[in-house]
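Take a look at the letters that make up each chain.
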Amino acid sequence: MVEREPYRDRIELLQGTLDLLVLKALTWGAQHGYGITQAIRATSREALQVDTGSLYPALHRLEREGAIASEWKTSDNNQRVKVYRLTAAGRRKLTEERSRWDRLLEAMSLVLERSKAPSGTES
Amino acid sequence: MRLRLPFLSRGRRERELDEELAAHLAMATADRIARGESPEEAATSARRELGNEALVKESTRAQWGSGSLERLLQDARYGLRILRRSPGFTTVAVVTLALGIGANTAILSVVDAILLRPLAYADPDRLVVMLHKGRNPAAPGNFLDWRAQNHSFESTGAAELWSANLTGAGTPEKLTALKMTPEILPMLGVQPLMGRFFLPSEGEAGRDHVILLAHGLWKRRFGADPDVIGKSVMLNGEAYAVIGVMPPGFVFAPFWATESELWAPLDLRARAASRESASLRVFARLKKGVSLAAARQEMASITAALEREFPGTNRDVQVIALQEKVVGGVRPALLVLLGAVGLVLLIACTNVANMLLARSSARQKEIALRAALGASRGRTIRQLLTESLVLASAGGVAGLALGAWSVRVLVTLAPPFLPRLSDIRLDPRILVATFVLSLLTGVAFGLAPALQASSVHLQDALKDGGAAGSGRQAGRLRWVFVAAEVAIAIVLLVGAGLMMRSFVALRRIDPGFDPRGVVTMEVSVAGTRQAEIGRRPVLYREILERFAAVRGVRSAGAINHVPIAGDIWGWPYQIEGRPRPRPGESPTAAYRAVMPGYFATMRLPILRGRDVALTDTSDAPGVVLVNAFLAGRVWPHQDPIGKRIALDGPDDNPSWLTVIGVVKNAVQSNWAADPDDEVYLSLLQRRALMESPQPQEAYVTFVARTDWDPAALVPSLRAAVWGIDRTLPISEVHTMQEIVSSANGRARFQTLLLAAFAAASALLSAIGIYGVMSYAVSKRTREIGVRMALGADPADVLRLVVKQGMAVALAGAGAGLAAALLLTRLMSSLLYGVGPADPATYAGVAAMLLTIALCASYLPARRAAHLDPMKALRSE
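Just so you know, the protein sequences line up as chains D and R, in that order.
So that you can map any letter, position 38 of the first sequence is 338 in my numbering, and since no number is skipped, the others follow by simple counting.
So that you can map any letter, position 503 of the second sequence is 528 in my numbering, and since no number is skipped, the others follow by simple counting.
Because the hints were derived from the structure by calculation, they are not lab data.
Fair warning: this is a prediction, and the values are worked out from it, not measured in the lab.
Cβ coordinates follow ideal geometry from the N, Cα and C atoms, glycine included.
Among the clues, some could well be false.
Partial chain R-side listing against chain D, Cβ under 7 Å, derived [what the hints assert, rightly or not]:
no., residue
1, Glu45
2, Ala48
3, His49
4, Ala51
5, Met52
6, Leu75
7, Ala79
8, Ser84
9, Thr85
10, Gln88
11, Leu464
Take the sequences, apply the hints, and build the full model.
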């Protein structure tokens, strides 16, 4: 679920891409949920806004799968926050998700850049 | 390291999620303020950005491990809450299930211990016994031939009853013991706790004075002495060496002489040729791969050949599986009980299903509301199913408690004849099985109402106000359930009624004597100096005299084998002046030898003639009293007094005994058996009983009658015996009443159990009928109101409602009577003096159940008839 308002040119996240984004964001360092949304938003130049309704289920699911681990810490302004970090399993998962994404991109561009129908499949 | 999430408690996880989201919100708000928004504006937009917090939490929670279990618990908690809100329903349902499940657990435990759990021997399936007619012992000559000639058995052995008077330190005691050929113990595949078994060479005279002790005897008489092996023990006045102790729980033989505490080797060589005196129970182990049928075939040809060679000695030898021999007698009773218990469980389940059905109809509005709010059909079914599972589990737990308790009660109530009574306990496998059973009950009987309820048409249910929306189908199903309950209850009640009538008939049997006020006491002389020739006549007379002098004793007498409790010796006989029977074809009579006063003491009337007298000794001519049955059979229209019979069988110069009296028929050993030939001889004339050192002949049972409590006489009687000789073992001290009730014990136990189940089933079906009737009335409140508003008078309403209930009850009763006619045939072997189709029982039971049904429908009907029409019309 991605909220489009109030930013008009946001992109709806594809199914399965959220895990990839979260895992990637955590390679920059351990981070709490809010931090992850901000990091993704900033890095994508405001184009990707992760919805909390999807983020927290994803975080809890990844944690249950063992891809990330959590810890309670106290932030700079004395706020107790739950901080997530990547585990070794998470790194492996990231590599897998990344290569899947790359294959998807490649396949997408193959299709989208083709200008005429491939031989043998003419109707 | 922190604990992994799945292990956190739910409450803590919830708190952490709250905190995590609160932190998110706080940081988002702080960022917005930092970007220049006003605090209020920032808080509002941060909250908006977060979205529906409850929804975020719900979908996050859904990611937490084992979600289905969580949901199950949630459903279960909800189910519990719902059940708590209707305590009446819940209590009745749980109690109903507990009754069914508890009874099942208890009876299953008994059946399992007795019928299903194999004997405590290695590979018990291959053990067999060989007996004439399946119950009578074999003669040594025959046993030796069977053993030598068969190829079916890897080992064949024989055992013989022995009684051992243990003297020396402590009270003299007569022990039940067996002598056995050395094959037997290795054949059973058991090991001694310590020591060893008999050597083959110990089955010979001179080397046979070795014994094995039962664990209980070793503890009781030898203080569990670890060095008992090799010690010498005085038995029947002779020294025996202890060579071993058997482990606790070891029982042999399992179907007879089960209380044996001592085993010694059996020397058969002196009797090897005898085919007459049969005293051996033959045991064998089938070779691997040899079937029982093949062994039977081989034994049939072996015995046929022997019968040709020695006519009359090898008739009808049966090879029976040991297990079958041990439990065969009680199997029909246990199976009937098992069937009864199954039926009670069925009634209980039907009742609960009915209640669930009624409730789910009543809850249609709630269910429709849930559906309208978006609950899926699957979710609703799961919710209802969980509720019935919660109910079934509660019933299961209560049932297990009841079952554990009932097993204990059963074991204490059970008469001692039940084989392997000590093996009965609540088996963990049965616990699990029963619990699964209760859960299955929950599923099976929760599913139908759940499916039915979930297919409710939303609009109908909501519009209807929930009252009339139950649907024709559900109503019919409930009535079918009630009819089925009535039918099952009828079957059970008929079964119990038949058992009760047999029991009454058994109680009415006249044993011939009057057991009240009589006490029995066995005195054995074996191994004491009283065994010497010439001493017994004096001793026995003196004991009788001293008994007669005891304060409170009215009369005293003596007999070799007291009826019911004592042994039964059959003896072939012939009649003077009649053709001599061919070998093996002599009629046999039960043989008893009495001292003067026995008949008077037992109040066993002498119909004609006189009692034996102290003068009927070995110097005087032989005398005999016969029972009325024998007299009527042999001398139908003559006076038997003065006629002569001989107990030697077809002998060339028989020793004739003159009939001096005819005695009323008395029960012999089997309480309900038809009368059979019986003779009473003068004990003082029986040389073997007066002179033999053999322990089975060197004892006598004294009987004394008092007008007081016979048990209170025992100390004085003991003192009287020990006043003559302190070394005499006294055993089998019972009141005759005890002996008679032990003979009735089996019937009493079976009747008691079946009656209990029948009562439970009648109660349960009354609850069922009442429940459904009152539910039906409450559903029809508005209709009844309309009828009454239109002028129906209360009596009409009453008739209407009662008619509906009784129609169903009658249908059920009809089906039940038909089923009972079919099923009670299976229990005809348990019945005495009443046929399985006894019309009085059927009529009585039907009347009783219909009365119950009438009451159960009358009460709700009366409520309906007294409705205020206005209120009824306003009701939903």
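A quick look at each hint next to the structure:
no., hint, verdict
1, Glu45, "5 Å, holds"
2, Ala48, "5 Å, holds"
3, His49, "5 Å, holds"
4, Ala51, "6 Å, holds"
5, Met52, "4 Å, holds"
6, Leu75, "5 Å, holds"
7, Ala79, "11 Å, violated"
8, Ser84, "5 Å, holds"
9, Thr85, "4 Å, holds"
10, Gln88, "4 Å, holds"
11, Leu464, "29 Å, violated"
Taken one by one, the earlier hints fail for this structure at numbers 7 and 11, listed in ascending order.
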